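*Asks:* In terms of our numbering, the sequence shown has 226 at position 226, counting the first letter as 1, and numbering is strictly consecutive.
Just so you know, the hints here were simulated from the structure itself, not pulled from any lab data. Accuracy of the hints is not assured; some may be wrong.
[Claimed, not checked] DEER-style ranges, computed between Cβ atoms:
1) Cys357 - Asp157: 52 to 58 Å
2) Leu99 - Gly535: 43 to 49 Å
3) Gly158 - Pro354: 41 to 47 Å
4) Leu89 - Glu169: 35 to 41 Å
5) Gln503 - Gly217: 17 to 23 Å
6) Arg525 - Gly217: 24 to 30 Å
7) Glu93 - Pro524: 27 to 33 Å
8) Asn394 - Glu417: 17 to 23 Å
9) Gln513 - Glu94: 41 to 47 Å
10) Tyr454 - Glu93: 33 to 39 Å
[Said to hold, decoys possible] Okay, derived cross-link-like pairs now, DSBU-like style, lysine-lysine, Cα gap no bigger than 35 Å in a straight line:
11) Lys71 - Lys206
12) Lys63 - Lys532
13) Lys63 - Lys98
14) Lys288 - Lys346
15) Lys100 - Lys71
16) Lys346 - Lys317
17) Lys489 - Lys370
18) Lys288 - Lys134
Since the model is a prediction, treat every value here as computed from it, not as a measurement. Glycine residues also receive a C-beta, built at the ideal position from the N, C-alpha and C atoms.
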Amino acid sequence: MTLAFGFSRFLNLRVNSSTNPILSLWLASCSCSSSTASASELPEIAGGPETIREGRAEIFTDKSNSVFYNKAQVNNRDLSVAVLRWFILKRQEEHDIKLKGRKTEIPPEQHASELDPAITGSVNTLLREESNPKPPKVLEALAASGLRAIRYALEVDGIGEVIAVDNNEVAIESCKKNIYHNGILASSKVVPHLADARIYMLTHPKEFDVVDLDPYGSPAAFLDSAVQCVADGGILMCSATDMAVLAGGNAEVCFSKYGSYPVRGKYCHEMALRILLACIESHAIRHKRYIVPVISVHMDFYIRVFVRIFISASTVKSSPLKFSHVYQCVGCSSFHLQNVGRINSKDKRNVALPNFCPTVPQECSECAHKFVMGGPIWSDPIHNKEWAASILSNIRATSGVFQAYAKISAILTSITEELPNAPLFVSIHSLCATLKCTNPTMVMFHSSIRNAGYQISGSHVDPLALKTDAPMSVIWDIMRCWVKLHPVKSQPENRPASRILSQEPQLQASFSQATGGIVARKSPRFVPNPEKNWGPKMKADRPLKILPIGKL
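Produce the entire structure from the sequences given, and follow the hints as far as they go.
*Replies:* Take a look at the structure:
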């Protein structure tokens with residue numbers, strides 16, 4: 001322990017062998033014996049503090065709760081490692097394509113054999129330097145124990161320097177001890193830094209290829225500085241755990257933090273994802289940046305988004321086309337989306353203009369109830385299915401590496417099956433509850449949608465979700481046809497069910513099994529929690545409450 005605390009003072013200097021000759025000699029001497037020393041290779045001290053192992057990293061436990069740690073976030077960290085691995089491969093691929101384009105732009109008359117030797121040498125040196133991009137620089141803006149930063153350093157090949165920032169001195173000291181405990185590789189790559197994450201990101205614009213935000217609660221206060229901190233083409237990984245706010249429990253708080261009104265519906269968790277994406281985009285376009293979501297997931301008690309950030313003053317002008325308002329009926333829960341912006345077909349510039357008045361009437365055409373308006377939300381695709389499939393393939397190839405393999409593989413499998421251009425979803429139980437009728441099977445409802453000429457899929461958010469490009473009028477026509485086959489009791493005339501069923505269906509639904517419908521699944525899409533009390537933990541610096549045995 002004395003050695004660990006002594007080394008923590010040594011780590012106050014920036015861990016960079018290129019600028020610290022003493023550390024460079026020390027790392028060189030240590031690397032002779034083992035350049036990849038892990039925590040399991042370090043000598044164990046009898047009677048020492050307890051440790052927690054996750055992936056290849058091992059950290060000291062903190063029973064006083066002065067440094068935040070939640071075991072349930074292993075799903076978050078495993079998925080982040082998998083996405084970061086694929087990002088580095090994709091980054092190298094994009095760099096090779098860009099470099100190849102540069103070589104083809106050289107005119108034939110400027111062939112290397114005809115150039116001056118001095119010039120030729122400088123060109124060849126430049127091409128060699130550009131053949132491989134610099135290792136991606138990573139920022140973990142809210143490090144706490146440093147577990148995530150250490151895992152990135154140990155488990156992601158080709159990663160560069162990892163800066164672990166926290167404004168809590170106790171957390172930074174804990175981070176330093178954990179870095180040293182994990183050996184030479186972690187010590188050479190992970191740099192702890194005591195600072196306010198917002199100020200640190202604002203003072204390091206375009207410096208990091210990867211920025212990881214995983215706050216306790218809302219990330220809203222960090223987003224403006226985070227989007228400025230990411231380099232062009234970099235990736236921002238952001239979590240939000242304030243689901244009561246994002247899912248509609250406190251609509252006014254959500255508007256004050258994220259600039260959007262949530263609507264309470266079965267799709268509230270997907271809407272939470274789209275509110276967060278819209279908020280990130282709104283911060284990015286203020287600085288001539290825009291986002292491209294690659295993976296957006298709802299897991300356990302939080303949401304997590306992975307977005308690429310690019311710089312383009314012209315592209316941000318089309319941002320209004322990616323936002324939509326949501327109109328939801330208070331009677332039958334039918335919902336309709338309308339884009340904030342529109343394109344004038346007569347204008348060749350394709351400039352986004354303000355959209356026209358709402359397309360929905362004052363009263364719902366199905367049940368004659370009023371609409372409530374929510375949003376604006378992100379209405380473009382929230383996933384890149386190519387990324388999801390590639391990450392899933394890599395995870396399956398190394399299934400023994402990830403502790404949360406079952407969870408993250410199930411989520412990514414569901415994502416690869418989702419319809420990309422169908423924002424939000426309906427719930428089959430909600431539809432039947434409105435009409436007070438029995439439920440059709442999922443296979444029958446899927447078939448009826450496909451037989452009507454539309455697409456349908458499930459969602460990783462809810463096992464009962466139905467994502468489809470069919471309009472609500474078609475969905476209610478299908479339900480009317482179902483009720484004709486399975487009659488219900490009469491209800492008061494002012495109920496939504498009575499008004500919906502009083503209309504004759506314009507579409508004659510077919511419930512016979514359609515081709516390309518639901519197929520037998522070899523792997524589950526939704527897995528149970530591995531243990532009890534798998535959820536959010538108490539914030540750091542708050543004493544843990546130990547209940548009597550009789551109250552557990």
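*Asks:* Given a hinted range of 41 to 47 Å, is it respected by the beta-carbon distance of glutamine 513 and glutamate 94?
*Replies:* 43 Å, holds
*Asks:* Are the Cα atoms of lysine 288 and lysine 346 separated by 35 Å or less?
*Replies:* Distance ~26 Å between lysine 288 and lysine 346 Cα, so the pair holds.
*Asks:* Is the gap between the beta carbons of leucine 89 and glutamate 169 within 35 to 41 Å?
*Replies:* With a Cβ separation near 37 Å, leucine 89 and glutamate 169 satisfy 35 to 41 Å, so the hint holds.
*Asks:* Taking the CB of asparagine 394 and the CB of glutamate 417, does the distance hold inside 17 to 23 Å?
*Replies:* 18 Å Cβ-Cβ, so the 17 to 23 Å window holds.
*Asks:* Taking 43 to 49 Å as the stated bounds, is the beta-carbon spacing between leucine 99 and glycine 535 within them?
*Replies:* Holds - the Cβ-Cβ distance for leucine 99 and glycine 535, about 47 Å, lies within 43 to 49 Å.
*Asks:* Would the pair lysine 100 and lysine 71 pass a check requiring their Cα atoms to be no farther apart than 35 Å?
*Replies:* Measuring from Cα to Cα gives roughly 45 Å; hence the hint is violated.
*Asks:* Does the Cβ-Cβ separation between arginine 525 and glycine 217 fall within 24 to 30 Å?
*Replies:* Hint holds: Cβ distance 29 Å, inside 24 to 30 Å.
*Asks:* Tell me if the straight-line CA distance from lysine 346 to lysine 317 falls inside 35 Å.
*Replies:* It holds: about 18 Å lies between the C-alpha atoms, which stays within 35 Å.
*Asks:* Starting from lysine 288, check that the Cα of lysine 134 is at most 35 Å away, please.
*Replies:* Roughly 24 Å between the alpha carbons, so the hint for lysine 288 and lysine 134 holds.
*Asks:* Is the gap between the beta carbons of glutamine 503 and glycine 217 within 17 to 23 Å?
*Replies:* At roughly 46 Å between Cβ atoms, glycine 217 and glutamine 503 fall outside 17 to 23 Å, so the hint is violated.
*Asks:* Hinted pair, alpha-carbon criterion (35 Å max): lysine 489, lysine 370. Please report holds or violated.
*Replies:* 25 Å, holds
*Asks:* Between the alpha carbons of lysine 63 and lysine 532, is the straight-line distance 35 Å or under?
*Replies:* Measuring from Cα to Cα gives roughly 19 Å; hence the hint holds.
Checked against the numbered hints listed earlier, the structure breaks hints 5, 13 and 15; every other hint is satisfied.
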